[in-house]
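Heads up: the protein sequence lines correspond to chains A and B, in order. Under the working numbering, the first sequence has 37 at position 37, and the numbering climbs by one with no breaks. Under the working numbering, the second sequence has 1148 at position 148, and the numbering climbs by one with no breaks.
Simulated from the structure, these hints should not be mistaken for laboratory data. In this text, all values refer to a predicted model and were calculated from it rather than measured experimentally. Beta carbons: idealized from backbone N, C-alpha and C, even for Gly. Some clues are possibly wrong.
Said to hold, decoys possible - Sample of chain A residues at the chain B side, in silico, Cβ under 7 Å:
hint, residue
1, T43
2, P84
3, F154
To be verified - Computed far set for chain B versus chain A, every beta-carbon distance over 12 Å:
hint, residue
4, H1033
5, G1042
6, L1049
7, A1087
8, A1105
9, F1117
10, A1141
11, T1153
12, D1160
As the list claims (entries may be wrong) - DSBU-like, lysine-lysine: derived pairs with alpha carbons at most 35 Å apart:
hint, chain 1, residue 1, chain 2, residue 2
13, A, K132, B, K1072
14, B, K1072, B, K1137
15, B, K1137, B, K1126
16, A, K132, B, K1126
17, B, K1072, B, K1126
18, A, K17, B, K1072
19, B, K1093, B, K1072
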Amino acid sequence: MQGDSFFEWLMTTPWAKAMNGPEWAFPVVESLHFIGLALSVGTIAIVDLRLLGIAMVRQSSSELAADLDIWTRIGLALMLITGPLMFSANAVNYHHNPSLQFKMACLSLALVFHFTMHRRATHPTTPSLLAKFAGLVSLALWICVVAGGRMIAFV
Amino acid sequence: MNTVSTLEWVERTNLSTAIREGALLYPIIGGFHVLAIALFGGMLVMTDLRLLGWAMQRRTVSEILEPFRMWKRAGFVLVASSGLLLAWAEPLKLYRSTSFWVKVALLASVGVHALVFRNGVYQNAKALDARLTPRAKLAAALSLILWAGLVVTGRLIAFDA
């Protein structure tokens, strides 16, 4: 198809070839993606539950977010390395996959939201209703990212 | 009745057929499984990292472990029950998958881990506030390794024949 040349090229890159090489390469990278998921979305969800006022209420949102931030970033880094690796392995098919397109749209929103409004919502001066709203939006966006990711294999 | 015929019976149950052959049920349950991994896994990893003394050190061990406990339990129930449903859908495939049996062995090890470390470490957080014992660090390291192994074997199942 016209316009696929970039994605065809991606599949010829050394890392794509490595992904398509040994049988264990893809599942191992996918497992790292899942561990990154637990670290990134897992720690973001903890902050979201705190913003909603239903978990870790003895700590302030700002302290919790500050303590978890480095682990969220490590998890996100792991995701943003392993995700494109898997994508490269079969880029032409993946880029036409509606679940992947949905996931990428949600991921862009989720990342922008995370580093702007979500971060601001953890400040002690944020009104409680606004903090709750931010927690809810963040949870919803990340659930969409995960659900979209899970559906890639099924469409 | 031998094992294979029992598993064939499982596959003929309405629930198994519905999950296996329905277009949406399998991915939805799979989605719950993954979301629960994110929630439960995140808290589990942070608990163990705190026990290792690598994360959230501004707070005492008990201040981290105790509020996470209920959420970890709920997450575990969600992971385990959705996993059981996925297994119910294709028991014969799993029976023949090496990765599945490694995963079962790891799950059994998680049970042993709980028996060995629950009283001394996870239910004993207050005592660890004063000093992180080597036993607590060992428990945390083993827990991280076991759960990473469960993720890897879970993923490998999909790639076994």
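Here's how the hints hold up against the structure:
| no. | hint | result |
| --- | --- | --- |
| 1 | T43 | holds (5 Å) |
| 2 | P84 | violated (18 Å) |
| 3 | F154 | holds (4 Å) |
| 4 | H1033 | violated (8 Å) |
| 5 | G1042 | violated (2 Å) |
| 6 | L1049 | violated (7 Å) |
| 7 | A1087 | holds (17 Å) |
| 8 | A1105 | holds (17 Å) |
| 9 | F1117 | holds (20 Å) |
| 10 | A1141 | holds (15 Å) |
| 11 | T1153 | violated (9 Å) |
| 12 | D1160 | violated (9 Å) |
| 13 | A:K132 <-> B:K1072 | holds (22 Å) |
| 14 | B:K1072 <-> B:K1137 | holds (19 Å) |
| 15 | B:K1137 <-> B:K1126 | holds (15 Å) |
| 16 | A:K132 <-> B:K1126 | holds (31 Å) |
| 17 | B:K1072 <-> B:K1126 | holds (18 Å) |
| 18 | A:K17 <-> B:K1072 | violated (39 Å) |
| 19 | B:K1093 <-> B:K1072 | holds (30 Å) |
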